[in-house]
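**Student:** Single-letter residue listing:
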Amino acid sequence: MSATLGELAVAFGCQLRGDPDTRIESVATLAGGPGQLGFVASKGYLEALAATRLSAVVADARLAASCPTAVLMHRNPHATFARIAALLHPPAPLRPGVHPSAQVATDAQVDPTAEIGPFALIGARARIGARCRVGAYALVGDGVEIGADTQLLARVTVIGAARIGQRCVVHPGAVIGSDGFGNARDGEGWLKVPQLGSVHIGDDVEIGANTTIDRGALDNTVISDGVRLDNQIQIGHNVQIGAHTAIAACTGIAGSTRIGRRCMIGGGTGIGGQIEIGDDIIISGFGMVTNSLHEPGMYSSVLPVEPVRVGRRIVGRIKRLDVLGERVRRIETASGITSEQATGQHDDD
Amino acid sequence: MSATLGELAVAFGCQLRGDPDTRIESVATLAGGPGQLGFVASKGYLEALAATRLSAVVADARLAASCPTAVLMHRNPHATFARIAALLHPPAPLRPGVHPSAQVATDAQVDPTAEIGPFALIGARARIGARCRVGAYALVGDGVEIGADTQLLARVTVIGAARIGQRCVVHPGAVIGSDGFGNARDGEGWLKVPQLGSVHIGDDVEIGANTTIDRGALDNTVISDGVRLDNQIQIGHNVQIGAHTAIAACTGIAGSTRIGRRCMIGGGTGIGGQIEIGDDIIISGFGMVTNSLHEPGMYSSVLPVEPVRVGRRIVGRIKRLDVLGERVRRIETASGITSEQATGQHDDD
Amino acid sequence: MSATLGELAVAFGCQLRGDPDTRIESVATLAGGPGQLGFVASKGYLEALAATRLSAVVADARLAASCPTAVLMHRNPHATFARIAALLHPPAPLRPGVHPSAQVATDAQVDPTAEIGPFALIGARARIGARCRVGAYALVGDGVEIGADTQLLARVTVIGAARIGQRCVVHPGAVIGSDGFGNARDGEGWLKVPQLGSVHIGDDVEIGANTTIDRGALDNTVISDGVRLDNQIQIGHNVQIGAHTAIAACTGIAGSTRIGRRCMIGGGTGIGGQIEIGDDIIISGFGMVTNSLHEPGMYSSVLPVEPVRVGRRIVGRIKRLDVLGERVRRIETASGITSEQATGQHDDD
Numbered sequence: 073m074s075a076t077l078g079e080l081a082v083a084f085g086c087q088l089r090g091d092p093d094t095r096i097e098s099v100a101t102l103a104g105g106p107g108q109l110g111f112v113a114s115k116g117y118l119e120a121l122a123a124t125r126l127s128a129v130v131a132d133a134r135l136a137a138s139c140p141t142a143v144l145m146h147r148n149p150h151a152t153f154a155r156i157a158a159l160l161h162p163p164a165p166l167r168p169g170v171h172p173s174a175q176v177a178t179d180a181q182v183d184p185t186a187e188i189g190p191f192a193l194i195g196a197r198a199r200i201g202a203r204c205r206v207g208a209y210a211l212v213g214d215g216v217e218i219g220a221d222t223q224l225l226a227r228v229t230v231i232g233a234a235r236i237g238q239r240c241v242v243h244p245g246a247v248i249g250s251d252g253f254g255n256a257r258d259g260e261g262w263l264k265v266p267q268l269g270s271v272h273i274g275d276d277v278e279i280g281a282n283t284t285i286d287r288g289a290l291d292n293t294v295i296s297d298g299v300r301l302d303n304q305i306q307i308g309h310n311v312q313i314g315a316h317t318a319i320a321a322c323t324g325i326a327g328s329t330r331i332g333r334r335c336m337i338g339g340g341t342g343i344g345g346q347i348e349i350g351d352d353i354i355i356s357g358f359g360m361v362t363n364s365l366h367e368p369g370m371y372s373s374v375l376p377v378e379p380v381r382v383g384r385r386i387v388g389r390i391k392r393l394d395v396l397g398e399r400v401r402r403i404e405t406a407s408g409i410t411s412e413q414a415t416g417q418h419d420d421d
Numbered sequence: 073m074s075a076t077l078g079e080l081a082v083a084f085g086c087q088l089r090g091d092p093d094t095r096i097e098s099v100a101t102l103a104g105g106p107g108q109l110g111f112v113a114s115k116g117y118l119e120a121l122a123a124t125r126l127s128a129v130v131a132d133a134r135l136a137a138s139c140p141t142a143v144l145m146h147r148n149p150h151a152t153f154a155r156i157a158a159l160l161h162p163p164a165p166l167r168p169g170v171h172p173s174a175q176v177a178t179d180a181q182v183d184p185t186a187e188i189g190p191f192a193l194i195g196a197r198a199r200i201g202a203r204c205r206v207g208a209y210a211l212v213g214d215g216v217e218i219g220a221d222t223q224l225l226a227r228v229t230v231i232g233a234a235r236i237g238q239r240c241v242v243h244p245g246a247v248i249g250s251d252g253f254g255n256a257r258d259g260e261g262w263l264k265v266p267q268l269g270s271v272h273i274g275d276d277v278e279i280g281a282n283t284t285i286d287r288g289a290l291d292n293t294v295i296s297d298g299v300r301l302d303n304q305i306q307i308g309h310n311v312q313i314g315a316h317t318a319i320a321a322c323t324g325i326a327g328s329t330r331i332g333r334r335c336m337i338g339g340g341t342g343i344g345g346q347i348e349i350g351d352d353i354i355i356s357g358f359g360m361v362t363n364s365l366h367e368p369g370m371y372s373s374v375l376p377v378e379p380v381r382v383g384r385r386i387v388g389r390i391k392r393l394d395v396l397g398e399r400v401r402r403i404e405t406a407s408g409i410t411s412e413q414a415t416g417q418h419d420d421d
Numbered sequence: 073m074s075a076t077l078g079e080l081a082v083a084f085g086c087q088l089r090g091d092p093d094t095r096i097e098s099v100a101t102l103a104g105g106p107g108q109l110g111f112v113a114s115k116g117y118l119e120a121l122a123a124t125r126l127s128a129v130v131a132d133a134r135l136a137a138s139c140p141t142a143v144l145m146h147r148n149p150h151a152t153f154a155r156i157a158a159l160l161h162p163p164a165p166l167r168p169g170v171h172p173s174a175q176v177a178t179d180a181q182v183d184p185t186a187e188i189g190p191f192a193l194i195g196a197r198a199r200i201g202a203r204c205r206v207g208a209y210a211l212v213g214d215g216v217e218i219g220a221d222t223q224l225l226a227r228v229t230v231i232g233a234a235r236i237g238q239r240c241v242v243h244p245g246a247v248i249g250s251d252g253f254g255n256a257r258d259g260e261g262w263l264k265v266p267q268l269g270s271v272h273i274g275d276d277v278e279i280g281a282n283t284t285i286d287r288g289a290l291d292n293t294v295i296s297d298g299v300r301l302d303n304q305i306q307i308g309h310n311v312q313i314g315a316h317t318a319i320a321a322c323t324g325i326a327g328s329t330r331i332g333r334r335c336m337i338g339g340g341t342g343i344g345g346q347i348e349i350g351d352d353i354i355i356s357g358f359g360m361v362t363n364s365l366h367e368p369g370m371y372s373s374v375l376p377v378e379p380v381r382v383g384r385r386i387v388g389r390i391k392r393l394d395v396l397g398e399r400v401r402r403i404e405t406a407s408g409i410t411s412e413q414a415t416g417q418h419d420d421d
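Chains as they are written, first to last, in my numbering: chain A, 73 to 421; chain B, 73 to 421; chain C, 73 to 421.
In case anyone wonders, no lab produced these hints; they're calculated from the structure.
Just to be clear, a hint being listed does not mean it is correct.
Identical copies go unnamed one by one, so any copy, or any two together, can satisfy a pair.
[As the list claims (entries may be wrong)] The calculated EDC-like cross-link candidates involving lysine to aspartate or glutamate, where the alpha carbons are at most 20 Å apart (straight line), are:
no., residue 1, residue 2
1, 391, 367
2, 115, 275
3, 115, 132
4, 264, 291
5, 264, 378
6, 391, 179
7, 264, 275
8, 115, 394
When you get a sec, could you build the whole thing from the sequences and use the hints?
**Tutor:** Okay, structure coming up:
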């Protein structure tokens, strides 16, 4: 699929600087070449931009002047680039119908425009919406509902009577609706607490490879519209995630925690159970969250690696902070030099 | 399925306060309504309890007085609630037999009361016990043994001649018996060390979605009776986990580590290799364990996220602890004020 | 399969101390018995070595004297042991051909010496090299290429037109070539950025169970020859990993990061995006890497768990480091005792 710059400018509301008849075949990085289109969204790439052999670049007005190429000018170059990339590189067309090796329960409702891939399984009373793609080996369990235009890629498991909205994408190996970790003490062991809630996923949600989302214990686990979940994320039972929140890979969220709207959570973050995280909160990668966070803004706490000698000395110092505090207190006592602010801290030192 | 309060009181050894003929249809949270039964186990829910419209609540004697409903009194309300929930919400009944799309090796032994789901594979010499449920796409590899009443849910992989006991539940995407990470230095690269041990899993074990348990290198990896493993846990080769230990999601345990009985390990914990963790040890979430822990009790080490300005200042402070220590030492030297306790620490400051 | 010590000595270039006709049936730990062979590579096992009932041990010259058994002497006992283990315990033989339940696209090229397992899927234009093993349920997507002698074990997903080299092993549940986490801001939500790059994996690479490797956004994600990836690792889009680097389980590497050759990265490590890690860098387990590391050597930063009282006090101390620093500054100011080195740090205290 290809398009001219003129067609792209019209389709995506860009101002065009350059020949509208220039034909674009594909998108590329700034290292690409003729017939390709790239984008630039930060001054960090000015050097690569100056050297680019691309036919055109999407840029905002500020950076357009630095482009040695034709320019599609737009306030939001990254989103415009994404739209052009989607146009030039469309996914494989849907092949409506049920693959002969797939199995569909007799009382399941599969829209005739949906594609059900090889070895897929559609359970009893399940409903698959229009133009859905259900990939190879995908398992849509009993009572599950999948909204229109949603793609369950290969090897996705959706059980626990989960509901997934429209235009979602779920990547391979994701498990949605498995039992939460519910255990009651019983003697010296544990008794499994039946997990009876479900998972409700809104529209336009993306869920990464091998990510797991547990069903609620009694109520539902809720993932709101527009949420973005990367790979290998774990969402515990009864978690609620607000609209448009994006969470990077390897993050774990323990049960019953509520996360607000438009949050951005870096990779490898751990979030404890039964806490509240408000709207518009940003947590940098590898953070550990053990208490509720209400104030919008960025949060972090990373002790990054150091050369091992330094790292060990730092950890040793940390472990001996008690001793250092005591030494300072003795000096204060002996010398009579104290500060009011500091004195107030002595009690719990 | 439903039951009267009188039937439930008899079946689960509760003292009943209320009408024994009240019929319970399902379980619910305290926000539920008539015909439903909930439970309360802590004073944190007294407000919700006062407002509940449930027909009955399971509670201990202490909290029973606060219930505005019928009460099933029991010393362990959570476990009793779990038992009632299991009675009222039984899993789908077993459909004994082998699904026509499943494949069973000719020398495998599958108990006729077991259910083998669609697209399941049962390997050579494998043994499947009575009343087992082997889910869709589940792979029971060559020589694997599964005890009676165990459920391998959809897409579970059990290989490496692993043995799983009775009444276990393994959730979708779990991989049991894959090769451990065994590599021998060989020039500037690595040589794979064949992984020849197996995995032995006891009775009443639950294993979460996408959790991985490696086979031993030469001896076996051992998961004892009653262990609870949440989702996305990684168990390295030759790890041993004692009975009734519960481990929350996203925890990783490196090779040859031994964990005792009745431990509770919070989510996102990392446990190094070749260490020993005794019985009855509790590790709070996101902990990093690099040395053996013998003394029963709770362990933690979390530097939780802070607003980014605070977080960065704290990390800066930590990195400059050496300088702060040096400043204190100079003051001590110049002023002649030292404490014996502190002095003893100077050498390795 | 069995061999005599004489045969093993010749095959693997060892010096033999003992009877060349002694027959070895299998390998074992030092706790093994007659007919078995073990190895010893460190003085930490001298006690077990003295008590061993094995028929033979692989050891270097230094430890050979301590072996109460026949000895196969070699400079690299671990690698030699691995080679002998592979000889005595060969994997199940390949069964060339396509299993009747597998599906192969008409334009795929499958070498006739390859084994395609039950329920496997080989996509359009895919190429499977000589003597490959494609396990049960393995999915080789459209345009994917798999080199000779590579093993995709059960339930492996390879999509995104990925290329995998020769002699690789990919363990169950791994997902290679899924979409990277590419999102462009669009109003208050996110727009998916099409992921169009691929994954290139070299020769002799091993990839663990449930590990995920994303395809590049525009360019490729690259895993070089001889890399070892353990279970549940996440590799973001456009990451590059140099030859012979080994990474332990549960590590996450964010997008566009480049890691050098011969690195060793401990388990549970988090590595941020768009950073560079040079050659020969060792990162101890649970490290957090937020900046580039260029100098070869070992890096660490672990605040290990402490008994909870100690752990909480340490964290409290860390949070009050500002106050402690202020107290020291007041003493310095009041007493006139400062150190030049320390003074230089006051500005940003």
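**Student:** State the violated hints by number, sorted upward, taking the hints as numbered earlier in the document.
**Tutor:** 2, 5, 6, 8
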